[in-house]
Structure formats: C-alpha cells, structure tokens
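S.K.: Sequence:
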Amino acid sequence: MGVVLPFIIIVTGIFWSLSFLLLTGGELDVMSVMQPPILMVIGLSGMVHVVNHYQTALVASESKDKAIFGAFKTLGLAVFLTALTTSLGFVSLYFTNVPSLMWFGLYTGCGVMFMFLALFSILPFALYHLPSLPSSNREVWASRWNKFLKLLFHNITAHRKAISLSFIVVTLLAGYFMSQVKTNGYILDNLPEGHSLLEDFQFFDQQYGGSKPLEIQIQAGSVGQDLFDYRVLKEIEKLEDFVRENYNTGFIMSPLTAVKAVNKAQNRGNPKAFVLPSALSYERMQPLVDKMGQSQNIKLWTTDKTIGRLSSKTADNGSLLGKRQHQKLDEFVESNIDKELLKVRLTGTSFLIDKSHELVTYKVFSGLGFAFLLVGIIVGFLFRSWRVSLLVILPNIVPLVWIGCVMYWFGIDFKLSTSIVFAIAFGIAVDDSIHFMTNLRMQMKEGHSLLKALFLTYLTTGKAIILTTLILISGFVMLTFSTLEIPWFTGVLVSLSLLFAVLADLLWLPVLLIPFKKVIERKINHRNSLDRDKQTQLK
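Mind the numbering: the sequence shown is residues 1 to 539 in the working numbering, read in order.
No lab work stands behind these hints, which were simulated from the structure alone. Idealized CB from N, CA, C, for every residue including glycine. Check each hint, because a few of them may be wrong.
Between beta-carbon pairs, the in silico distance windows are [unchecked claim]:
1. Leu173 to Asp338: 46 to 54 Å
2. Gly269 to Gly411: 45 to 53 Å
3. Gly25 to Lys517: 21 to 29 Å
4. Leu77 to Leu152: 23 to 31 Å
5. Phe251 to Ser278: 40 to 48 Å
6. Lys299 to Gly411: 20 to 28 Å
7. Lys150 to Phe370: 32 to 40 Å
8. Phe80 to Ile397: 19 to 27 Å
Produce the entire structure from the sequences given, and follow the hints as far as they go.
M.R.: Printed below as a string of structure tokens:
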C-alpha cells in the first residue's frame, strides 16, 4: 500500500487537473506534456512531509488517531502555503505574453491546487484505515536520521561565519557569471540535433541563402506618390543593397523586383539588365509594370501601391545576431533613407520570435519578482517581521543565481526553453523554506527558544526536506529522457536547482536566523501572549 496509496493520490490530482484543462477549452501540447511529472513530484513532496510527521508522532508513542490529527493540524497551513507559493511560481509565467507559456503556467498553477485537494481529501482517510509501519522499523529508521541530522546541525552552528561567508561569496560570483549569459534562441530550438527537419533547414541555410524569413514593411512617404515613384524606388534599391550585405540574404522580393524583371524582359532576358533602369527608360516601361502588378501571385504591395513589403530569406543564426542586424538596419535607415520618400519597419514572424526570446526572459524575471514579494508577505504574516521575510527570501535566490552560473559554464543561453526553468524552480524550491519556517514557528509557539526550535525543526522538517528533494529530483530526471529541448532543459536545470535549494535551506537559512534570535523570540512571545489573552477572554 506504500506504493498504491501515492499512486492513487497522484493519479486523482492529475486527472482533476487535466479534466479542468479540457473542460475550460485548453489543449494538450508540447508544454502540457510536462504537467503530469511536475504535478506528481509536487504531490509526493507534500505527502512526504505529512507522512513523515505522522511517523514521527507514532515513534513518540502517540495513538494513531492523535498522530493523524496532529500531522494535518500542524502541517495543514504549511502544505497549503507551499501549494499556493508553488502555484504562484507557475502563474508568474502568465506575465510572459507568450500564449503557450501563459496557458502552461496558468493551468499548471491550477493543477497544483487540485493536487493539494486530492492530497487532503484522500490521505487522512487512507492513513486511518491502513496499517502503520511496525514500531521497531520506525525506531531504527528514525534513529539513523536523527544521528545524521544532529551531526549536521552541530557542525552548522559551529561554523556559522564560514558557511555564511561561503554562500555570500559563491552567490555573488555566480551572479556575475549569470549576468554574462546571453539571450539567444533559434526558430527550431525545441528539436534535437540530427532531427530530419533541422537538417533540412540547415541545408537551405547553406545552399539557398537561408531558411529564416525576413520581412520588412515599406511605405511611401509624404513626398513620394507611391512605391513606384522613381525616387522611392531609388530608396528601396539602397535598402535592398544594405539588406543583402547585412543579412547575407538570398533572393529579395519587393516592388523593385517587378521593375527589375520588366527591365530584364525588355532586354531579351539579359541577366545584367536585372537592375533599376534609368529614369527615362522607367517612364517608358511603367505601363508594363502596372500590368504586371495586376497579375502578381505573391502580394508585394497594396492595390493603392502605397504600402508593400521587402521579403527574403536569411540563415537562422540566432536571435542575438538577429538583434544586432536589426539594430544596424535601424541605424542605416535613420541615416541613409529619406523618410519623406520611404518609411521602413521590420515585421514578420521571425522578427517576433527574436523579440519573444528577449521579452520572455524579461517577463519571467519580472514575474519572479512579483512571486518573491508574495512569498515575503506570507512569511511576514507568519512571523510579523519584514526582516525575517528578507532572510527567508535570500536562500531562495541562491538556487536561481547558481543555476544561471551553471548555464554560463555550459554555454546555455536564456531563451523560451530555458527561461521557464526559473519560474518552475522557484515555485518548487520555495516549498522547503515555507515548511521549515512554519515548523519553526510551531516549535517556538510551544515555548522553545530559537536554538532549541531550530534543532527540533532540523530533526523533523530537515528529514522531510531531504526526502522530498530526492523524490522531486527523481521525478524531474525523467524529463531528461525526452529528445525535445524544453523538457530536457527543464529536467536537468530544475533538478540542479532543487539540489542547490536544499543546500541553501539546510545550511544557510538556520545560520541567517540565529543572529536575529532576540527579534524572532520577541515577536513569537508577543504573539503567544496575545493568543493567551484571547483564550482568557473567551473563557
């Protein structure tokens, strides 16, 4: 039943989540494939914390009924808050303005809350009716963990300055390396190396001038009559020459192409005549150009000839190089194109994809800032102290910054497929801090000093944090078997961030809290006295 029970709870939560997705008109796509493993590890994480508290109570010789009641009474708020903060981490993706990421974040955030409902609906009933672990096995298991955690806690308290200094120095260095990570993405980012479609695109890049569409909107200015005004055509010619040199494009199509084609036809197909003719020659052939425009299959200009497009193909060299090329184009247009004759603007799907890589990265980190603020408010509510809120946020910054450093070392760029990792990692990693601080608050409400409460929290919640991290990593490692880039990066980077998070929460968070012993104890004691006064008034 130790295997069947988690399976039933996980399947129920995933079923509710996917049912909600389909009932609200959502669709299953590449992003939604990641939902089940994410929800699975989140559900198992909450389950481990509750069951661990339940088993600890049984070791302390409490009755089964009392152990179940105590586990859900003590951890109910903590599990709810972790589910809420995890959900907020995913919902932060809604600020990216990229539809696939927006709906993935929103539906996964809702799925986390459905998993919470499944956990608290099924687990109490199941624990009550299932036989508990034999007492001898429980005691052996608990003694091994206690021995390890006691040794770890004593070493941490004995080397507080060294640990804190190490985390600060390493995090600052990691932050510097993270700032050097480039934002760069490709059209076919999600396909693995060696995929037939990727090879086809590379062939076109090498042999036919490129596979990435380049679209530029052109519009006649206030002085030009239309795009076929000879003065405007001269400006288009300058633009084409620059585009050909700057983007290393293949064949370019524009209103000027039609004029060149007519001129070539007038000169018996001479390739050298595929140029803009003289003003006098152009005036004679203009009726032919008008006739050609009426029968064009590819629409290069509007019926009134005032708006058109310059279209070509270029190699997909990434959004970083594309951004530099676009900046050069803007500078060229600003200094060399007469705006009264011709207005120029980049457009098209490729340009939007390049912009989206940069925009998504910015939006994800903006959303994370909002999520950090909410977590700070939640912790501040628990301890009535903004300083404690700041202390709890610091260890949760560590895994994100360290992951950025890992990306720099391995040459991984910020883009659509990697930016979402930060939202997922934060949403899950912050669970450990919430559980730790909630349990610490419970221990201090029972009258323990901060050091004693930290020690007791370490023995109970510390074990659960380590176990849940191992479970979470084992779940996300499954995504590394995918041949698609988004799931693979999610599996590797989130697993590393969870490992970094458990190090920060178990090694650095206690060290950060100890110097604020008097502040925290005063806040908790004041809260306890208020609670006692309320109870006295009720009596």
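S.K.: Does the structure break any of the earlier hints, and which numbers would those be?
M.R.: Numbers 3, 5, 6, in rising order.
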